[in-house]
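Those sequence lines, one after another, are chains A and B.
The opening residue of the first sequence carries number -4 in the numbering used here; numbering runs sequentially from there.
The opening residue of the second sequence carries number 622 in the numbering used here; numbering runs sequentially from there.
Hints listed in this document are in silico derivations from the structure and should not be mistaken for laboratory results.
Bear in mind the structure is a predicted one, so any value in this text is a computation, not a measurement.
Check the hints yourself; a few may be wrong.
[What the hints assert, rightly or not] What the simulated footprint calls covered on chain B by chain A, stretch by stretch (three residues with Cβ under 8 Å from a Cβ of chain A suffice, anywhere in the stretch; the number is not a length):
no.	region
1	702 to 709
2	729 to 742
[As the list claims (entries may be wrong)] Sample of chain A residues facing chain B (criterion: CB under 10 Å; computed from the structure):
no.	residue
3	34
4	325
5	338
6	340
7	342
8	352
Ideal Cβ positions, reconstructed from N, Cα and C, are used throughout, including at glycine.
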Amino acid sequence: MKLGKEIREYFPMYANSTDPAGLCYLDSAATSLKPRAVIDALRGYYEEYSTNVHRAAYPLAERATEEYENARGAIAAFIGASRAEEIVFTRNATEAFNLIAASYAGHFLREGEGILLSEMEHHANLIPWHTLARKKNLRLFFLPFDTETGELVWDADHFVRFLKERKIKLVSLTQVSNVLGTINPIAVIAEKAHEAGAAVAVDGAQAVAHVPVDVQKLGADFFAFSGHKMLGPTGIGVLYGKYEILGKMPPYQTGSDMIQEVYLDRSTFRAPPARYEAGTPHIAGAIGLGAAAKYLAGLGMDRVREHEKTLLSFSMEKLSAIPGVRILGTRDAEKRSGALAFMVDGVHPHDAGSFCADLGVLIRVGDHCARPLHQKLKIPASCRMSVGAYNDTDDLERLTEALRKMMSLFKG
Amino acid sequence: MTLYRQEIIERWRYPRHRGIMQSPDGQGERVNAFCGDEITLFLRLDGEKKFVREARFTGEGCALMVASADMLCEAIEGKIIDEARRFSADELLLLYGEPPTPGRIPCVLLAHEALRQALAGLF
């Protein structure tokens, strides 16, 4: 099976587009389009066996439990987890980070100890640490990035010492920048971090739908991502955690489903992942996300990566040929994935976004929830196009044409 | 092409009312927290302080913000103060022409907020 145009028939948004020229969706870094397989899985749950999980007294509820747990298994397999119990369902990546902050860092880190982040983090992997650092008197450190290449700047030779001297106990980094597109060398960093006795959390939101992910090879203790950015439903996300670490952490939220014994005045908690899934979960969402993982696995993540790399090379070639367009980050497609941000000389990003939208070319403008990154680049906002498995060169031709038209009108 | 008709582009490139005003009678400053656009709008009244003799603005922002600020300054020059106070956000949107998408309405209305602030500080 091919990718790009060839799979658009499986994404109903294309057939339903009111644009006579067809849907030109270049905003998958914000949220992806959903394939019919995912929509069918949601509908299947709601129309055929919409019952609660983990309380089966009849076959329909057994089916709901089975499908819910099968989804967990499919997601575990998709990211290379060693067992399904390492997958905790959350609302999104943001909630996954809040869970790590509350139940891991909030519990195990002591006053004066540090957390290492980077200057390119999405607010999801930034604000929870601000809050926790204030509450527990923790120190936050930031790996800088090179404003030209968009790559993290760190000293591999002295990294272990750097971490130990600052008492850094947690390193939390994004695998792929949602603005610069940089693929960070997580595996190398994680190895050094472990040597220094620090745990490693990874923001996989921009990675899971774009590059093959193996959490064990990455050396991630935690790996967080959202379902809706990987062809799945909104409102469902995942926190992967190494089982032995999950087993030591206290609950995040409490209530039903996560308890073992309950008395009027006390209770005990279940083993992971149930311990972290209080209340009736987003059953349909989890089942839909399982379908998304299976769909992506069916496309083949190696092939998705190759396809997107070709599209990124193509777009960098096209965009850099337009006078006044400046690409942020590396020009090496090998080192980047998904998102490609750019500036247009003399044209405000919001004007560029609206102009493109008038021509049916859907890109994102703003700070993309990475304000410190933009502050470092001394720009208020940027334009960002991003690709998914269903994009093709025709989308990029339309973007190029829109930007050329805009330049002739605005600069004419 | 709806949002960016020729008049808008012209006003954005060559705004007629852009510039700093020394010792104005009224001054309003607004920032669009969403995108960082900022505007300062200045008013000068006539000798008897009855009508707006001159309106100017400075600031950095998108084409919609700049063009609508320019239109607003033009529209209120010559108005007696009460008329200027009655000049509503909807009237500015009408002046702008094609309705902007909901996300861009604040861009068009930033100058109007600055005007209200400038008028509020007059007396």
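Now for the hints, and whether the structure bears them out:
Under a criterion of three residues with beta carbons nearer than 8 Å to beta carbons of chain A, the stated coverage of the region 702 to 709 of chain B fails, only 0 such residues being counted. Check on the region 729 to 742 of chain B: 0 of its residues sit with their Cβ under 8 Å from a Cβ of chain A, so the three-residue criterion for coverage is violated. The interface hint given for residue 34 of chain A is broken, as the beta carbon of that residue sits about 27 Å from the closest beta carbon of chain B, more than 10 Å. Because the closest C-beta pair between residue 325 of chain A and chain B is about 26 Å apart, greater than 10 Å, the hint is violated.
Contact between residue 338 of chain A and chain B, as hinted, is not supported at the beta carbon level, the nearest pair being about 14 Å apart and thus beyond 10 Å. A hinted interface residue such as residue 340 of chain A counts as satisfied when its beta carbon comes closer than 10 Å to some beta carbon of chain B; here the least separation is about 14 Å, so the hint is violated. The beta carbon of residue 342 of chain A comes within 8 Å of a beta carbon in chain B, closer than 10 Å, and the hint placing it at the interface holds. Hint status for residue 352 of chain A: holds, given a least beta-carbon distance of 7 Å to chain B, under 10 Å.
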